[in-house]
Amino acid sequence: MKLRKDFIVQNIDDTQFLVPLGHEAFNGIVRSNKTAAFIVDCLKNDTTKDQIVDAMCLQYDAPRETIDADVEEILATLRSINALEE
Amino acid sequence: MIEICKPDAALAKVVLPQKAQPGISYVPSQFVLPFSHNEKQYVFHVLTKQMIEGTLPDSAHMGEGFDDLIEAMFLVPEGKDECAYYESVAQLMRLYGRTKGVPTYTIMPTLGCNARCVYCYEEGRKPVKMTPEHVEQTVRYILKTRANKKITLSWFGGEPLLCPDIIDRICDRLREENVPFRSIMVTNGSLITPGIIEKMRTRWNLGRLQISLDGAEPDYIARKRYYGDSDHYHAVLHTIGRLSEAGIHVTVRVNVDEGNWPGIPLLLDDMKRFVEHKEHVTVYFSPLMNVRAGEGDLGMWKKITDAAPLVDQAGFRTLAHLRSFRKFRANRCMADGGSEVIGPDGSLYPCEHCPPESRFGDIFNGTTDEKARREFCRTDRTREMCRKCTFLPDCTSFASCPWTDAHCKEAHRMNSIADLRYMLDRDKNQREEQAQEPDEDDTVC
Numbered sequence: 004m005k006l007r008k009d010f011i012v013q014n015i016d017d018t019q020f021l022v023p024l025g026h027e028a029f030n031g032i033v034r035s036n037k038t039a040a041f042i043v044d045c046l047k048n049d050t051t052k053d054q055i056v057d058a059m060c061l062q063y064d065a066p067r068e069t070i071d072a073d074v075e076e077i078l079a080t081l082r083s084i085n086a087l088e089e
Numbered sequence: 015m016i017e018i019c020k021p022d023a024a025l026a027k028v029v030l031p032q033k034a035q036p037g038i039s040y041v042p043s044q045f046v047l048p049f050s051h052n053e054k055q056y057v058f059h060v061l062t063k064q065m066i067e068g069t070l071p072d073s074a075h076m077g078e079g080f081d082d083l084i085e086a087m088f089l090v091p092e093g094k095d096e097c098a099y100y101e102s103v104a105q106l107m108r109l110y111g112r113t114k115g116v117p118t119y120t121i122m123p124t125l126g127c128n129a130r131c132v133y134c135y136e137e138g139r140k141p142v143k144m145t146p147e148h149v150e151q152t153v154r155y156i157l158k159t160r161a162n163k164k165i166t167l168s169w170f171g172g173e174p175l176l177c178p179d180i181i182d183r184i185c186d187r188l189r190e191e192n193v194p195f196r197s198i199m200v201t202n203g204s205l206i207t208p209g210i211i212e213k214m215r216t217r218w219n220l221g222r223l224q225i226s227l228d229g230a231e232p233d234y235i236a237r238k239r240y241y242g243d244s245d246h247y248h249a250v251l252h253t254i255g256r257l258s259e260a261g262i263h264v265t266v267r268v269n270v271d272e273g274n275w276p277g278i279p280l281l282l283d284d285m286k287r288f289v290e291h292k293e294h295v296t297v298y299f300s301p302l303m304n305v306r307a308g309e310g311d312l313g314m315w316k317k318i319t320d321a322a323p324l325v326d327q328a329g330f331r332t333l334a335h336l337r338s339f340r341k342f343r344a345n346r347c348m349a350d351g352g353s354e355v356i357g358p359d360g361s362l363y364p365c366e367h368c369p370p371e372s373r374f375g376d377i378f379n380g381t382t383d384e385k386a387r388r389e390f391c392r393t394d395r396t397r398e399m400c401r402k403c404t405f406l407p408d409c410t411s412f413a414s415c416p417w418t419d420a421h422c423k424e425a426h427r428m429n430s431i432a433d434l435r436y437m438l439d440r441d442k443n444q445r446e447e448q449a450q451e452p453d454e455d456d457t458v459c
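From first to last, the protein sequence lines are chains A and B.
Mapping of the first sequence onto my numbering: residues 4 to 89, in sequence order.
Mapping of the second sequence onto my numbering: residues 15 to 459, in sequence order.
To be clear, the hints were calculated from the coordinates, so they are not data collected in a lab.
Don't take every hint at face value.
Cross-link-like lysine-lysine pairs, in silico, DSS-like; alpha carbons within 25 Å at most [to be verified]:
| no. | chain 1 | residue 1 | chain 2 | residue 2 |
| --- | --- | --- | --- | --- |
| 1 | A | K37 | B | K33 |
| 2 | B | K27 | B | K341 |
| 3 | A | K47 | B | K292 |
| 4 | B | K27 | A | K47 |
| 5 | B | K385 | A | K37 |
| 6 | B | K27 | A | K8 |
| 7 | A | K47 | A | K5 |
| 8 | B | K316 | B | K385 |
| 9 | B | K316 | A | K5 |
| 10 | B | K292 | B | K385 |
| 11 | B | K158 | A | K8 |
| 12 | B | K316 | B | K423 |
| 13 | B | K54 | B | K385 |
| 14 | B | K114 | B | K158 |
| 15 | A | K8 | B | K385 |
The calculated label-pair distances, taken between Cβ atoms and stated as ranges, are [said to hold, decoys possible]:
| no. | chain 1 | residue 1 | chain 2 | residue 2 | range |
| --- | --- | --- | --- | --- | --- |
| 16 | B | R395 | A | G31 | 43 to 51 Å |
| 17 | A | L61 | B | I16 | 25 to 33 Å |
| 18 | A | Q54 | B | Q444 | 37 to 45 Å |
Glycine residues also receive a C-beta, built at the ideal position from the N, C-alpha and C atoms.
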């Protein structure tokens, strides 16, 4: 899976935003927290949920189950606004 | 902090409150514009559009009583690259506002004109007119590339009303194809008849147009130089009256320099006599291009700023009526807003000035030189001289714009402060009027 081409990632200072380009289903702006920003960065290239969890486990000192749940939640949010190409 | 105007709501989604940090020295943002009015001090933030009453300290630290000013970005960390910050905010807002497809087409049915304005930047160009084949292909091109919403057709020239048949054909075809559209137009107004006004309303969906007037009658004649030495001055004034009566909003652009400036009061007097529905007419003065690029521009801008009350007193709307200081504008002109200009030969440009280097294709082959368009419209390279400017968020932030002002910063300062003062007075008057109106509950029947 990866981020759809019509979603653009833009950083302002230290904050990441996800902007839809003329998207019919969603016309808001997504402001990412640090975890979401990390996941969105991973999704700039084709990847899988497990690969994202692996990358996060290397970055963050937290139990794998917790990270897995966080990733699942954020992927679900991205799916709900049709931001993922799967 | 006494807030007079709230920050722009859409921008507030991305311009997050700046949290005060210990050990950092905060100084006034480059985007703040302090000014005084009626013995009070105000500070306007040109990026966020927030306005407060009061003044800013030269520097401050967290906990010194200025944390609210830090949060609202009136004070920023010393040394912050505010141009880079503005660029990323503007980029995001442009992306956010972008639609799929083209929202606005500026169509030039002809480069021909019945006037020979002394200042015309199209002088010397061949008076090419769209052929029937180009007209049909223009419709096909619009159908193929348009945004999936109401589109805008901006009729431009030359004088577009030399070719009402072309406007008819394109509008009729779009209507047949169920394309929602509205029209606007830039014209000298000399060819507008009652029949054309009827077409504007019923066939072209035209709700607004701009007519250029170049001063009182003697200046108008000398500068417009209509073929056949015709004097359309009174006819155009009469037309403005009829248009406004028909509910079509007219913006009168008065191109000025020192030569025609003395005649402006006379022009306004004449307009007053001819136009009854003044609420549908906006009048603004624009220094001619050579004045704007010359050393004398500031003096001209000063005269223009001082003349705003004359327009107001004559009953017409001024630009300050229209200009919203409460909204951040992501796009400053057609070139950075995704609009396209269709020339009479079918060429596509991003700007109505049609700089040859910006031609990016034609209506038959579509976009053939995306690089030319992208290069012209690039917004990620603010001019070096503009990087520290207070008014960067209110200006064209791309380097290819053909407009230049010799003293743009001072001119912006003068115009902005005048308009902000106007806005303060207007808001105060409205508040007073509302206070005087009796509540419905108090009304004795």
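Each hint, compared with the structure:
no.	hint	in the structure
1	A/K37 with B/K33	holds, 17 Å
2	B/K27 with B/K341	holds, 13 Å
3	A/K47 with B/K292	violated, 55 Å
4	B/K27 with A/K47	holds, 23 Å
5	B/K385 with A/K37	violated, 35 Å
6	B/K27 with A/K8	holds, 22 Å
7	A/K47 with A/K5	holds, 6 Å
8	B/K316 with B/K385	violated, 40 Å
9	B/K316 with A/K5	violated, 56 Å
10	B/K292 with B/K385	violated, 45 Å
11	B/K158 with A/K8	holds, 21 Å
12	B/K316 with B/K423	holds, 13 Å
13	B/K54 with B/K385	violated, 51 Å
14	B/K114 with B/K158	holds, 12 Å
15	A/K8 with B/K385	holds, 20 Å
16	B/R395 with A/G31: 43 to 51 Å	violated, 29 Å
17	A/L61 with B/I16: 25 to 33 Å	violated, 50 Å
18	A/Q54 with B/Q444: 37 to 45 Å	violated, 59 Å
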